[in-house]
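Sequence order for the protein chains is A and B.
Using the working numbering, the letters of the first sequence map in sequence onto residues 56 to 285.
Using the working numbering, the letters of the second sequence map in sequence onto residues 56 to 285.
Treat the hints with care, as some may be off.
[As the list claims (entries may be wrong)] Coverage of chain A stretches by chain B, computed from C-beta distances (three or more under 8 Å per stretch; other residues unrestricted):
# : stretch
1 : 79-85
2 : 139-153
3 : 198-209
[To be verified] So these bits of chain B aren't anywhere near chain A, every CB distance computed over 12 Å:
#  : residue
4  : P115
5  : G118
6  : E128
7  : K143
8  : T154
9  : K201
10 : L222
11 : E247
12 : V249
[Unchecked claim] Each computed DSS-like pair below joins lysine-lysine, with the alpha-carbon atoms no more than 27 Å apart:
#  : chain 1 : residue 1 : chain 2 : residue 2
13 : B       : K176      : B       : K201
14 : B       : K160      : A       : K160
15 : A       : K160      : B       : K176
16 : A       : K160      : A       : K143
17 : B       : K143      : A       : K112
18 : B       : K201      : A       : K143
19 : A       : K160      : A       : K176
Don't read these hints as lab results, they were simulated from the structure.
C-beta: ideal position from N, C-alpha, C; glycine also.
Number of protein chains: 2
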Amino acid sequence: MLRLHHHPMSAPSRFLRLVLTEYGERFELVDERPWERSRELLALNLAGTVPVLVEDKGPPLVGGMIAAEYLDETRGVFHRDRRLLAEKPFERAEIRRLTEWFLGKMEAEVTRYLVRERVFKREMTAAEGGGAPDSSAIRAARTNLKNHIRYIAWLAESRNWLAGPRLSYADLAAAAAMSILDYLGEVHWDEEPVAKEWYMRIKSRPSFRPFLLERVRGIPPAAHYSELDF
Amino acid sequence: MLRLHHHPMSAPSRFLRLVLTEYGERFELVDERPWERSRELLALNLAGTVPVLVEDKGPPLVGGMIAAEYLDETRGVFHRDRRLLAEKPFERAEIRRLTEWFLGKMEAEVTRYLVRERVFKREMTAAEGGGAPDSSAIRAARTNLKNHIRYIAWLAESRNWLAGPRLSYADLAAAAAMSILDYLGEVHWDEEPVAKEWYMRIKSRPSFRPFLLERVRGIPPAAHYSELDF
């Protein structure tokens, strides 16, 4: 059995939920509050971060990319036409580059800040770092977000999916981050119609449906968040 | 032909040189000064970082881990007994975890700071960020380094090599970083005899030899740097 330790507002966690669902895998979800640094989570991952994927009694697979490589080797390889990491080395490298871009760079420049300031801080105690949001961090993240959306639009304009002709990890990584930002009303879709068209295609996939039903306590989603045609 | 855009004091660059040499590959080295953000480098990698590996007319492979995955798929797979990424998915995940630890976390907490403050700043113009080293950054990096060396010792004590019974990407990633820090005289080997024994084994490999001969202009290496028995 697969068990995913996650947080609903963590982009790499959502990324792995999309991957697992696209591959038709059943998995248990364990909610974590990473800032509490629980003993259970630290025992799996000394860095105290999510996601962590555990299969049966195997060692913990820490982080989106490492778990995704494992899933490619144990699942993807059997899903020829629907494999989310291509077959050819150069194509695999391009998918990895973009997946790390969205799970790493965009996470560090945009998503992590906005989620921390707007969501986590509401739940954290003062000792854990809670309190009023830091408006300069929010402003910087919003400026960076514009560049990332423009990059998604540029990729979606020149290719069918972000890394090439087929749906891949790159799309799921970008969509995981965008779905969180969209929930928070941070995305001005009308300014980027090409990115919007790509997101509508991803959003209508069955693997995406659970996200559209989830709610964060005290933070209602943007009005169009759950609409497939927005 | 393989071409590696690198800097001699970049840990992920040294990591790829070790990997390529362990696999017996011939490659050209192109020296880059990442802080100059040359048009050639930016054309290969918009982020302006090294390493970038290019094979023939293929797309640039940016960063240590992405290039290493590519080399595993195109080279490693043919080196059964000497493959640097294991065969089994759980073992591959553990090697990746540690490789990312040394190329990512240790790089961000230790190596990048010390190299920037002690090496790059000497070569940078004021506009590029040059000037006197920031002693508080150096102090923080030195404190973090102690923990990373202790972690290497802990791994080397419980296993033959850092990720298991065989030499792997994990050892080469850790050794790449340690060789730079050792050049700069930042490592107090006598405090960590188990880590020292592991490093002596790596240092005596033929793939390591080129590093022991390289010198940074204006910065002589620590007295024991080139000695195999130190």
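Here is how each hint holds up against the structure:
1. A count of 0 residues in the stretch 79-85 of chain A with a Cβ less than 8 Å from any Cβ of chain B is obtained; the coverage claim is therefore unmet, three being the minimum.
2. For the stretch 139-153 of chain A, the assignment as covered by chain B holds, since 7 residues bring a beta-carbon within under 8 Å of that chain's beta-carbons and 3 suffice.
3. For the stretch 198-209 of chain A, the stated coverage by chain B is violated: 0 residues have a C-beta nearer than 8 Å to a C-beta of that chain, whereas at least 3 were required.
4. Distance check for P115 (chain B) against chain A: the nearest CB is about 9 Å away, which does not clear 12 Å, and the non-interface claim fails.
5. Against the 12 Å criterion, G118 (chain B) falls within the reach of chain A, whose nearest CB is about 8 Å from its own CB.
6. Distance check for E128 (chain B) against chain A: the nearest CB is about 4 Å away, which does not clear 12 Å, and the non-interface claim fails.
7. At the 12 Å boundary, the C-beta of K143 (chain B) falls inside the reach of chain A, the nearest C-beta of that chain being 9 Å off.
8. Against chain A, the non-interface label of T154 (chain B) is violated: not every CB pair exceeds 12 Å, the least being about 10 Å.
9. Consistency note on K201 (chain B): stated as away from chain A, and its beta-carbon is indeed over 12 Å from all of that chain's, at 16 Å minimum.
10. Every beta carbon of chain A lies more than 12 Å from that of L222 (chain B), the smallest distance being close to 20 Å; the non-interface claim holds.
11. Even its closest Cβ contact with chain A, about 19 Å, leaves E247 (chain B) beyond 12 Å, as expected for a residue assigned away from the interface.
12. V249 (chain B), annotated as away from the interface, keeps every beta carbon of chain A farther than 12 Å; the closest lies near 19 Å.
13. At most 27 Å may separate the alpha-carbon atoms for a hinted pair to count; K176 (chain B) and K201 (chain B) meet this at roughly 24 Å.
14. For the proposed pair K160 (chain B) and K160 (chain A), the alpha carbon gap of about 14 Å is at most 27 Å, so the pair holds.
15. Taken as a hint, the K160 (chain A) and K176 (chain B) pair is honoured in the structure, with Cα atoms around 25 Å apart against an allowance of 27 Å.
16. For the hint linking K160 (chain A) to K143 (chain A), the alpha-carbon distance of about 25 Å falls within 27 Å, and the restraint holds.
17. A C-alpha spacing of about 15 Å is found between K143 (chain B) and K112 (chain A), which places the hinted pair at or below 27 Å, so the restraint holds.
18. Of the pairs offered as hints, the one joining K201 (chain B) and K143 (chain A) is violated, with about 41 Å between alpha carbons and a cut-off of 27 Å exceeded.
19. A distance of roughly 22 Å separates the Cα atoms of K160 (chain A) and K176 (chain A); the hinted pair therefore holds under the 27 Å criterion.
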